[in-house]
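So the sequences go chain by chain: A and B. Residue 135 in numbering that gives the first Met the number 0 is what sits at position 136 of the first sequence, and the numbering runs on without skipping anything. Residue 104 in numbering that gives the first Met the number 0 is what sits at position 105 of the second sequence, and the numbering runs on without skipping anything.
Hints are computed from structural coordinates only; laboratory data are not their basis. Ideal Cβ positions, reconstructed from N, Cα and C, are used throughout, including at glycine. The reader is advised that the hints may include incorrect statements.
[Claimed, not checked] Not the full set, but computed from the structure, chain A residues with beta-carbon under 7 angstroms of chain B:
{"id": "1", "residue": "L93"}
{"id": "2", "residue": "F96"}
{"id": "3", "residue": "I97"}
{"id": "4", "residue": "F100"}
{"id": "5", "residue": "L101"}
{"id": "6", "residue": "R104"}
{"id": "7", "residue": "L173"}
{"id": "8", "residue": "V180"}
{"id": "9", "residue": "E273"}
{"id": "10", "residue": "F277"}
{"id": "11", "residue": "V286"}
{"id": "12", "residue": "A288"}
[Stated by the list, open to error] As a list, the in silico BS3-like pairs of lysine-lysine whose alpha-carbon atoms are at most 30 angstroms apart:
{"id": "13", "chain 1": "B", "residue 1": "K17", "chain 2": "A", "residue 2": "K16"}
{"id": "14", "chain 1": "A", "residue 1": "K274", "chain 2": "B", "residue 2": "K11"}
{"id": "15", "chain 1": "A", "residue 1": "K11", "chain 2": "B", "residue 2": "K21"}
{"id": "16", "chain 1": "B", "residue 1": "K123", "chain 2": "B", "residue 2": "K133"}
{"id": "17", "chain 1": "B", "residue 1": "K108", "chain 2": "A", "residue 2": "K208"}
{"id": "18", "chain 1": "A", "residue 1": "K26", "chain 2": "A", "residue 2": "K274"}
{"id": "19", "chain 1": "B", "residue 1": "K116", "chain 2": "B", "residue 2": "K17"}
{"id": "20", "chain 1": "B", "residue 1": "K116", "chain 2": "A", "residue 2": "K158"}
{"id": "21", "chain 1": "A", "residue 1": "K274", "chain 2": "B", "residue 2": "K109"}
{"id": "22", "chain 1": "B", "residue 1": "K109", "chain 2": "A", "residue 2": "K287"}
{"id": "23", "chain 1": "A", "residue 1": "K287", "chain 2": "B", "residue 2": "K17"}
{"id": "24", "chain 1": "A", "residue 1": "K11", "chain 2": "B", "residue 2": "K11"}
{"id": "25", "chain 1": "B", "residue 1": "K22", "chain 2": "A", "residue 2": "K26"}
{"id": "26", "chain 1": "B", "residue 1": "K126", "chain 2": "B", "residue 2": "K108"}
{"id": "27", "chain 1": "A", "residue 1": "K287", "chain 2": "B", "residue 2": "K22"}
{"id": "28", "chain 1": "B", "residue 1": "K108", "chain 2": "B", "residue 2": "K119"}
{"id": "29", "chain 1": "A", "residue 1": "K16", "chain 2": "B", "residue 2": "K22"}
{"id": "30", "chain 1": "B", "residue 1": "K21", "chain 2": "B", "residue 2": "K119"}
{"id": "31", "chain 1": "B", "residue 1": "K22", "chain 2": "A", "residue 2": "K208"}
{"id": "32", "chain 1": "A", "residue 1": "K287", "chain 2": "B", "residue 2": "K61"}
{"id": "33", "chain 1": "B", "residue 1": "K5", "chain 2": "B", "residue 2": "K133"}
{"id": "34", "chain 1": "B", "residue 1": "K11", "chain 2": "A", "residue 2": "K26"}
{"id": "35", "chain 1": "A", "residue 1": "K187", "chain 2": "B", "residue 2": "K61"}
{"id": "36", "chain 1": "B", "residue 1": "K119", "chain 2": "A", "residue 2": "K274"}
{"id": "37", "chain 1": "A", "residue 1": "K274", "chain 2": "B", "residue 2": "K25"}
{"id": "38", "chain 1": "A", "residue 1": "K208", "chain 2": "B", "residue 2": "K109"}
{"id": "39", "chain 1": "A", "residue 1": "K49", "chain 2": "B", "residue 2": "K116"}
{"id": "40", "chain 1": "A", "residue 1": "K287", "chain 2": "B", "residue 2": "K119"}
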Amino acid sequence: MMNLLVLRERLKSLYQKSEMYINPIAKFLMAFIIFSCINQTIGFDERLDKLVVVVLLSLVSAFLPVSIIVLLAAILMIGHIYFLSKVLSIITILLLFILYFLFLRFTPNLGLIVLAVPVLFILKIPYVVPIILGLVCTPVSIIPASCGVIVYYFVLVIKNTAITSNNIGIDDTLQLYTLVVNSLMNNKQMLLSIVVFAIVIIAVYLVSKLEFDHIFDIAIITGLTVNVLGFLIGDLMLDVSDKIVEMILGTIFSTIIVYIFQFFRLTLDYTAIEKVQFEDDDYYYYVKAVPKINVTVPEKNIKRINRRSAIGDTEKLDEVIHASKTNRYADQVENRTDKEYEDDDYRNDDFDNEE
Amino acid sequence: MLNNNKIHVMTKLAMYEKNEGKKDIKLGKYYRTDYVRFHALKTIVSVTIGYLLILLMIVAYKAEYIISKAVTLDYKAIGTYVIGIYIILLAVYMIVSIIAYSIQYDSAKKRLVVYYKNLKLLRKLYKQEESEQK
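Generate the whole structure from the sequences, applying the supplied hints.
See the structure below:
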């Protein structure tokens, strides 16, 4: 464990020193994985399904904001689908617009999640997303996560349609459209994923807000359990048992990734160096502000205070009152009678007067 | 001569302006009601567009049925149904967006208060410097 902590500190200082280079490289790698995944899954258009295109797109996204990656990925996806069938591409655009206008417009900072879910689905570890979202975000993140699930299953439907459409006759616009909508609407697996992801996000979020030692570990384990149970029950109900082994392995891998993420998160959050420029009448300033924080994981210490002795002791009284504000002790405090409270107030006044 | 206090305050201000401040300062120009109303209007527009797109998709999906029964369909009932759902959808979105944008406005205002305090401090430092020079 000590070695790991040292490694983390080293990586942290390395990141602080060369943040300027690491950020674009990380973005490039992320974009590269995303675009390759799209090409691999729905690479219908051979002109776009080339390494050169992927590398070029990734290079562009390395230096632009993250939302550009989302936009580029959507364009690439539509491009591939357009090559397959114009009707399908129109449906895709409509679907993306609906998702945007009704849901994603309200969570602009979480746009990347919509992309991350399908890509991680392709990599077989989508379960990373709800657990991390539960740890980092609020339950609002259910919206982009659900949209991501819809996009993934839509892509699957398109892919399946592409395989079978030779028999149907791709010219029959209406029939093709009905087929796609039908297979999307009747997709129970999609619904199951949305529901389980939402439950996992809420469960992890609620647990991680409690006050216990090692709460983040407990929250991650809760996420893992809820995820496995949810999909297990769902899969058995839908009678698709062939996916169960894959799901369990995927969840375990996802949990490992979440653990690694969690290990670095609490420090990486604070390490970003700020570079700002400003001027006054005499000088131009180029300031590099390096955060001083060098504290590792903040430990939550919990003091157990005996009810009786606390009331007798004015010094500890403040702690009791403070503790009563946190939910953890709410039940302990509720047990006290009004009389006892009055006593407390009385003693408190006494204490103040003495001062 | 460099004034360390001044640089400190200016750095703080610049860092805020570079990050959250960008949005907050724009938001600070609105009154609370105006800000919430403006975003509620935007929400209405986007929900309307989204709903119309969904309707378009449903109509296309049921096109065959609609064309075959175009004469006998009860348009009044369908119309009421469509508008009813639209109103419910809009109401839900309005409530959520009014609450969310109010919260957003309040938290931004809190940050702006600190920002203005720092600005005042900077002005004070400037005046101090001037008086020292004289």
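For each hint, the structure was consulted:
1. Interface restraint check: L93/A against chain B, minimum CB-CB distance 6 angstroms, threshold 7 angstroms, status holds.
2. Annotation: interface hint on F96/A holds; nearest CB of chain B at approximately 6 angstroms, less than 7 angstroms.
3. For I97/A, the shortest C-beta to C-beta distance to chain B is roughly 5 angstroms, which falls under 7 angstroms, so the interface hint holds.
4. Look at F100/A: its Cβ gets to within about 4 angstroms of chain B, closer than 7 angstroms, so that hint holds up.
5. A hinted interface residue such as L101/A counts as satisfied when its beta carbon comes closer than 7 angstroms to some beta carbon of chain B; here the least separation is about 4 angstroms, so the hint holds.
6. Interface hint status for R104/A: upheld, as the beta-carbon distance to the closest one in chain B is roughly 5 angstroms, under 7 angstroms.
7. For L173/A, the interface hint holds, the least distance from its beta-carbon to any beta-carbon of chain B being 6 angstroms, beneath 7 angstroms.
8. Interface restraint check for V180/A: the shortest CB-CB distance to chain B comes to about 5 angstroms, inside 7 angstroms, so the restraint holds.
9. This hint holds: E273/A has a C-beta 5 angstroms from the nearest C-beta of chain B, less than the 7 angstroms allowed.
10. Proximity of F277/A to chain B holds as hinted, the smallest CB-CB distance being about 5 angstroms (cut-off 7 angstroms).
11. Contact between V286/A and chain B, as hinted, is supported at the beta carbon level, the nearest pair being about 5 angstroms apart and thus within 7 angstroms.
12. Taken as an interface hint, A288/A checks out: its beta carbon lies about 6 angstroms from the nearest beta carbon of chain B, inside 7 angstroms.
13. Taken as a hint, the K17/B and K16/A pair is honoured in the structure, with Cα atoms around 21 angstroms apart against an allowance of 30 angstroms.
14. For a cut-off of 30 angstroms, the pair hint linking K274/A to K11/B stands: about 11 angstroms separates their Cα positions.
15. Distance restraint check for K11/A and K21/B: the Cα-Cα separation of roughly 28 angstroms lies within the 30 angstroms cut-off, and the hinted pair is therefore satisfied.
16. With a C-alpha separation of about 16 angstroms, the suggested pair K123/B and K133/B falls inside the 30 angstroms cut-off, and the hint holds.
17. For the hint linking K108/B to K208/A, the alpha-carbon distance of about 26 angstroms falls within 30 angstroms, and the restraint holds.
18. With a C-alpha separation of about 20 angstroms, the suggested pair K26/A and K274/A falls inside the 30 angstroms cut-off, and the hint holds.
19. Proposed proximity of K116/B and K17/B is supported: the alpha carbons are some 17 angstroms apart, at most 30 angstroms.
20. A hinted pair counts as satisfied when its Cα atoms are at most 30 angstroms apart, and K116/B with K158/A does not qualify at roughly 58 angstroms.
21. Distance restraint check for K274/A and K109/B: the Cα-Cα separation of roughly 24 angstroms lies within the 30 angstroms cut-off, and the hinted pair is therefore satisfied.
22. Proposed proximity of K109/B and K287/A is supported: the alpha carbons are some 26 angstroms apart, at most 30 angstroms.
23. Distance check on the hinted pair: K287/A and K17/B sit about 13 angstroms apart at the alpha-carbon level, within 30 angstroms; holds.
24. For the suggested pair K11/A and K11/B, the alpha carbons sit about 23 angstroms apart, so the restraint of at most 30 angstroms is met.
25. Proximity of K22/B to K26/A is assessed by CA-CA distance (about 24 angstroms); at most 30 angstroms being required, the pair is judged to hold.
26. The hinted pair formed by K126/B and K108/B meets the criterion: a straight-line CA distance of about 27 angstroms does not exceed 30 angstroms.
27. Distance restraint check for K287/A and K22/B: the Cα-Cα separation of roughly 22 angstroms lies within the 30 angstroms cut-off, and the hinted pair is therefore satisfied.
28. The suggested pairing of K108/B with K119/B holds, with an alpha-carbon distance near 16 angstroms, which does not exceed 30 angstroms.
29. Proximity of K16/A to K22/B is assessed by CA-CA distance (about 29 angstroms); at most 30 angstroms being required, the pair is judged to hold.
30. At most 30 angstroms may separate the alpha-carbon atoms for a hinted pair to count; K21/B and K119/B meet this at roughly 19 angstroms.
31. Between K22/B and K208/A the CA atoms are separated by roughly 28 angstroms; this keeps the pair inside 30 angstroms, and the hint holds.
32. With a C-alpha separation of about 61 angstroms, the suggested pairing of K287/A with K61/B is violated against the 30 angstroms cut-off.
33. Between K5/B and K133/B the alpha-carbon distance is near 18 angstroms, which keeps this suggested pair within the 30 angstroms criterion.
34. A distance of roughly 28 angstroms separates the Cα atoms of K11/B and K26/A; the hinted pair therefore holds under the 30 angstroms criterion.
35. With a C-alpha separation of about 22 angstroms, the suggested pairing of K187/A with K61/B holds against the 30 angstroms cut-off.
36. A threshold of 30 angstroms between alpha carbons decides the hint, and for K119/B with K274/A the separation of about 23 angstroms falls inside it, so the pair holds.
37. Distance restraint check for K274/A and K25/B: the Cα-Cα separation of roughly 22 angstroms lies within the 30 angstroms cut-off, and the hinted pair is therefore satisfied.
38. Restraint check for K208/A and K109/B: satisfied, since their Cα atoms lie roughly 24 angstroms apart, inside the 30 angstroms limit.
39. Distance hint between K49/A and K116/B is unfulfilled; the C-alpha atoms sit about 55 angstroms from each other, more than 30 angstroms.
40. A hinted pair counts as satisfied when its Cα atoms are at most 30 angstroms apart, and K287/A with K119/B qualifies at roughly 23 angstroms.
In terms of the numbered hints stated before, the structure departs from hints 20, 32, 39, listed from lowest to highest.
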